[in-house]
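Number of protein chains: 2
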Amino acid sequence: MDEAVKEANLSLKEGGIPIGAVLVYENKIIGRGHNRRVQNNSAILHAEMDALENAGRLTSDVYKNCELYTTLSPCIMCSGAVLLYKIKKVVIGENKTFLGAEDLLIKNGVAVEVLNDERCVKMMKEFIENNPKLWNEDIGE
Amino acid sequence: MDEAVKEANLSLKEGGIPIGAVLVYENKIIGRGHNRRVQNNSAILHAEMDALENAGRLTSDVYKNCELYTTLSPCIMCSGAVLLYKIKKVVIGENKTFLGAEDLLIKNGVAVEVLNDERCVKMMKEFIENNPKLWNEDIGE
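Residue numbers (UniProt numbering), protein chains in the order written: chain A, 1 to 141; chain B, 1 to 141.
Hint data in this document are derived by calculation from the structure and do not stem from the laboratory.
All values reported here derive from a predicted model rather than from experimental measurement.
One thing to keep in mind: the hints can contain errors.
Same chains, same names: a pair is fine if it fits in one copy or spans any two.
Below, a list of computed lysine-lysine pairs in the DSS-like style, where the Cα atoms sit at most 30 Å apart [unchecked claim]:
| id | residue 1 | residue 2 |
| --- | --- | --- |
| 1 | 13 | 107 |
| 2 | 28 | 133 |
| 3 | 125 | 13 |
| 4 | 86 | 133 |
| 5 | 88 | 133 |
| 6 | 125 | 64 |
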């Protein structure tokens, strides 16, 4: 989660939305990323999607043994990507400022762990308070 | 759907997976795309995601009045993107060669129309028969 938080901080420094993610396979980070809505004018590069894209094309044998660490509860799009690739576990920094599709993950057998890490909560709370319009755009509201 | 089929054919000509999509708002195409797994070495650019990305950042007022045309039944990731942005309708070329997460779309109030267009069925059937490994990679199998 420390590495996902680093990605979130990097996004903030770039003027973007502070959400980060890393994809882990056999205890090694094989993909890392952060939200790129502002930086790339992207509608689809949430942190989790960016990490998956940066990990490159992988086989199902790899995905099904991966863990995805993300600083924020994953939205329905990112949860869908987790389910497409049958990623076995998602570790979530926090779900206090936004609750994504954790239920759908759990219902489909994905292990979900929520840390409610105070660093993640603080970062998102401040960002949402200061950028409500941008935040709503990111979650389709 | 003709325009989505054109995108699928374009992908095939580029050596890629023949799936195309277009995003329509007020009867105009505002985003178009095709699967870019092969072309961009992408793990996330399914046709629907590519069309959404190419449409750029839009407000919820626009998304909720959009229709997404796709040559193939959308997987759980692409269906998740539709739900994130509350796209009102998805028109599907065919769901005979692959059945995506149509149930999840319908359950969440998205209008779903399946054409079972023979052009789409033929294109995917031939592609899957000739490229089973690549196809399985694209759907996380």
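Original post:
Under a CA distance limit of 30 Å, which applies to residue 86 and residue 133: within one copy, between copies, both, or neither?
Top reply: So residue 86 and residue 133 pass the 30 Å test across copies only (17 Å; inside, 33 Å).
Original post:
Quick one: residue 125 to residue 64, C-alpha cut-off 30 Å, is that within a copy, between copies, both, or neither?
Top reply: between (32 Å within a copy, 27 Å between copies)
Subject >> Status of residue 133 relative to residue 88 across identical chains (alpha carbons, at most 30 Å) >> reply: Intra 33 Å, inter 22 Å, cutoff 30 Å: inter-copy only.
**OP:** Can you give me the call for residue 13 and residue 107, within, between, both or neither, at a CA distance of at most 30 Å?
**Re:** Answer is neither: 36 Å inside a copy and 40 Å across each miss the 30 Å cutoff.
Subject >> Alpha-carbon proximity context of residue 125 and residue 13, limit 30 Å >> reply: within (16 Å within a copy, 47 Å between copies)
Subject >> Alpha-carbon proximity between residue 28 and residue 133, which holds within one copy, between copies, both or neither at 30 Å >> reply: between (36 Å within a copy, 26 Å between copies)
In terms of the numbered hints stated before, the structure departs from hint 1 and from no other.
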